[in-house]
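*Asks:* We have chain A already, so just place chain B on it with the hints.
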Amino acid sequence: MTFALQTELFFRRKLLETLRQPVWLVTGLITPLLYLALFAPLLRSLAGGPAFPPGQVLDVFVPGVLVLIAFGAGMGAGWPVIWELDSGVIERLRVTPASRFALLLGTVLRDVVMFAVPGVVVMAIAAIFGFHAHWGGLVVLLVLLALLAAACSATSSALGLNLKQIGSLAAVVTGVQLPLTLLSGILLPLSLGPEWLRVLGHLNPMYYAVQASRSLAAGSVLTGTVGLGFLVTGAAAALALWWGTRSYQRAMALSPAGTVTAVEIMTNAGPAHVVVEEPAGRPRFLAVLTHGAGGTPDTRDVLAVRDAARGLGAVTALVTQPYRVRGGRAPGSAARQDAAWAEIVTALSDSGLPLVQGGRSNGARVACRTARQVGAAGVIALAFPLHPPGRPGQPGKSRDAELRAAGTRVLVLNGDRDPFGIPEPDDATRVIVLPGETHALSKNPAAIGDAVARWLGTLPGIGSRPPSVSGQVPPR
Amino acid sequence: MTDTAAAAIQVTGLRKTFQVKGAPIAALTGIDLAVAPGEIFGLLGPNGAGKTTTLRILTTLLPADAGEALVAGADVRREPALVRRRIGYVGQLGGADVNATGRENLLLAGRLYGLSAAGASRRCAELLGVFGLGDGGLADRSVRTYSGGQRRRLEVALGIMHRPGVLFLDEPTTGLDPQNRASLWDQVRQLRDGGATVFLTTHYLDEADQLSDRVAIVDHGRVIALGTPDELKRRYSADTISVTPGSGAPEAVPMLARDLAGELAGAPFVDRADVEDGAIRLTVTDTTRAMAAVFGVLAARGIPTRAASVARPSLDDVFLRETGRSLRDTGEDAATPETAEVAA
Chain A
1 MTFALQTELF FRRKLLETLR QPVWLVTGLI TPLLYLALFA PLLRSLAGGP
51 AFPPGQVLDV FVPGVLVLIA FGAGMGAGWP VIWELDSGVI ERLRVTPASR
101 FALLLGTVLR DVVMFAVPGV VVMAIAAIFG FHAHWGGLVV LLVLLALLAA
151 ACSATSSALG LNLKQIGSLA AVVTGVQLPL TLLSGILLPL SLGPEWLRVL
201 GHLNPMYYAV QASRSLAAGS VLTGTVGLGF LVTGAAAALA LWWGTRSYQR
251 AMALSPAGTV TAVEIMTNAG PAHVVVEEPA GRPRFLAVLT HGAGGTPDTR
301 DVLAVRDAAR GLGAVTALVT QPYRVRGGRA PGSAARQDAA WAEIVTALSD
351 SGLPLVQGGR SNGARVACRT ARQVGAAGVI ALAFPLHPPG RPGQPGKSRD
401 AELRAAGTRV LVLNGDRDPF GIPEPDDATR VIVLPGETHA LSKNPAAIGD
451 AVARWLGTLP GIGSRPPSVS GQVPPR
Chain B
477 MTDTAAAAIQ VTGLRKTFQV KGAPIAALTG IDLAVAPGEI FGLLGPNGAG
527 KTTTLRILTT LLPADAGEAL VAGADVRREP ALVRRRIGYV GQLGGADVNA
577 TGRENLLLAG RLYGLSAAGA SRRCAELLGV FGLGDGGLAD RSVRTYSGGQ
627 RRRLEVALGI MHRPGVLFLD EPTTGLDPQN RASLWDQVRQ LRDGGATVFL
677 TTHYLDEADQ LSDRVAIVDH GRVIALGTPD ELKRRYSADT ISVTPGSGAP
727 EAVPMLARDL AGELAGAPFV DRADVEDGAI RLTVTDTTRA MAAVFGVLAA
777 RGIPTRAASV ARPSLDDVFL RETGRSLRDT GEDAATPETA EVAA
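Going down the list, the protein sequences come from chains A and B.
The numbers in this note's numbering rise by one with no breaks, and the one at position 457 of the first sequence is 457.
To convert, count from 1 in the second sequence and add 476; that's this note's numbering.
Pulled out of the complex, with its shape left as it was, chain B reads as follows:
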């Protein structure tokens, strides 16, 4: 998909180990990925998966222990100064100076990247307009007075003052309300449409799914899946059916569900049968036939159905398939563990 020579970001065998309380702890255990020019590339994973570490290495903030990283045509280890000139970076912490005004922040950034005073001032006016920060004297107020959304927009503007070819965004929409989130997504898409490559990290499934052209899912410091969101969902997952049987005694439901799951697991259109929170969860290849079979089994035993639903696959299913864990912090593991425990 991406030609090595033309890639905006090319990462091979990236490794990083931290010393935590004197003990070596592997943060990255070998990251490989390539990002094509002009695409939005999302790095998705749970907290601690190595997203921010990867980003910090690619932006020259942190040295890697091993591996190669080419960013915007320059080697991160050997030519960090060149990389810094060619990239923009919006960190998780933001980085706007709240003691200065929005305009002062932008002008300083522009001049640091070598724009002339007049050039910086022109670009500043342009970006204030694009990011909706130009009205009502906002640009000349202290950033301390900005709302969360305004501040985030300023921080993205700071990252693109010098029109970088590659822009890095670390958890760009964390803490934003849905409206500001949507408008930031739009702006990121416009940057991409203007020819920039965008590399972002996120722990939001929908951000990876809807905003990114391609996604790498990371866990425990390595890439466990890579592709377009649609490809990944098709490759790794299918529809899931979830059915909760009814019963007189609530504590009997987990046992019942387990029995039923066992009975259905053998069917040709069922990929996998699990029990989750008193519900039978089936990963299926033929949704209609599977649904009919479930109701058939229940009816044959005279068990009423309390709830039933069909879910299309999400990136979380991809993650679940690869790791046995969920990216969502739902924490409903109620029935499964204990039924297993009784069996043990």
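Bound-form chain A, shown alone:
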């Protein structure tokens, strides 16, 4: 199995994929033609000015449009890459003997073709409307811009493989696209601008490709400008191909639900077991949840809270407290339990995300008692045990003081048949009594999830969504 054959196989696969979506072929041609038809006429009035020798407006403008085509053909590569990452195609191909460089090169070569075809068409049409074609120079120009398309394609693939998300890729590509094109003098030569603009332009690798293109289109092949253009573009292509190959060597999809990891956190009371789930996107807050005395953190009510938090973009952590890891059923001294809890939450919350903590029954009490110490933005108390079952009203025995002393916003969810009692409406920020539920809160997890999601939405720093990156339509 040779490298060349692998490259050919991947190239054919990518080309076929493009040909099956003819809409991209059409837009790939129409955009440059629109520039020629709708923008070039504006330049006619500039003819005779410093950058535009009389009668040669198109000679200056067409090379710029060709650079634009090469850039656009290459920069679209990242979008399908993310899609292939998400659907497992890349992971599967990574376990075959296929060369990672061949995998990258298949896409790069397809994008070179996707530049060359519209490029030649645009040259031919422009020639009809007065573009002075120097054919020898144009052949060299095609080679130079093929290198540029390759550099853009490999860069875009690498960005896709590393960013892994359409939104992030769109933000980066749009963010880079405009300064890169404006500072290269694609539409109008930078020589028209002030000194500082020209200096900035020299820092932009694409500037050299544009300069070389104008020189080549004018028929001057053996010039320093052309040499510099090839040097800079070639170096950029080599760097991008190296980065792209390296990215393919390590590419790993974000799993659809983000990543799940089981961790052990050491506390003074012994190890705690924590299952951490990270969202696929940027996390917005941290939700740390735990079990009741003698229980496990995978009860329906706790899982409903976790799912609600995850739906709002939380990193979630389900904690099995040290006394349970040891096999104990009772939490023992509250002071010791609270100290261990604070250690666990501190270990988890070094990311600086807003913190919400909660638990069921005895876990709800820990969450309330430690809320102030760990700086929680909110507490979710499930089945808060107001008093021992069936023994309400003993003076001094009620635990409503723990709720009231939490020092932060507290949501209480109790069943109306809970023998451990139901907190009063003014014991917490919000008290929701669920009809038909007992202390187990196991009958209607969906109701718990809904209530929690709504309440989390009211918390400062969590409810107010930051402005999302406006999704750009993929250029291909």
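Since the hints were derived computationally from the structure, they do not count as laboratory data.
Under the rule of at most 25 Å between Cα atoms (straight-line distance), these lysine to aspartate or glutamate pairs were calculated in the DMTMM-like manner:
hint : chain 1 : residue 1 : chain 2 : residue 2
1    : A       : Lys443    : B       : Asp750
2    : A       : Lys164    : B       : Asp541
3    : A       : Lys443    : B       : Glu752
4    : A       : Lys164    : B       : Glu647
5    : B       : Lys709    : B       : Asp662
6    : A       : Lys443    : B       : Asp753
7    : B       : Lys709    : B       : Asp689
*Replies:* Quick look at chain B alone, frame taken from chain A:
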């Protein structure tokens, strides 16, 4: 059971730590296992236990931090290219290219593994037949139009185009309906009968139990039990009896159950007595005598029985025994915690 030299997969002391938000998080804390040639080996565990991480290390997708792994006679760290040539991999995400047809997917896979154009085409026709994808022009339709079951079958076919000696399947039946699940199990068994070694991960108890010849149960990045499903169940568990006492006041049931469990815990044929969701749960060595004793205790106190059942052990009991947690997401921990809390 498995001779080191002859093992299809030999894993020693595999460790992996991820950096999550800048903090090191141990995903694997030392995995040891050996898989014999020609067996179906199941890795069972809850989400986050380290199953997929293990599989990704064995398939060269992820480097391990420490430990040795030999797969199909090649070292995963030192000879990844050789490992890739000898194994097949069907990931959790699937990996079929939905923009291409089923046939194009298979042909590309075959050629990447070095089959000639004619050889790939022959093997493709063969697999389309085996996996029931050859009828009605399905093979030449875009994979986008396939049903979930058809797509999964294609993905397994993609993994065995080159007749690998060792096949890795990551959660192969997740999301499949019972019928497609059963037919996939059959195909996996046929692969094994054809001489291939199959290594699969699953969080389904029945898949580990019925499909796997041997099972490793993993939790928190380590193997907590290893053996044939029958061995494990016998070694780690026994029959369980579950009895729910009746009573006038429902909130009194947990207390009552706890008292009764305490009374029965001392009996010689009772291994362990727990209270779960208002029911007494006994792990017993002699089911008949234990059953009689339970009813005796209830009758002596004049308490009616609301429900009673006997359960044979499952792999979940093995997991429960080792970790104190259940693999099933049943989430019924109602009575136990609170009785304990009252006691506290």
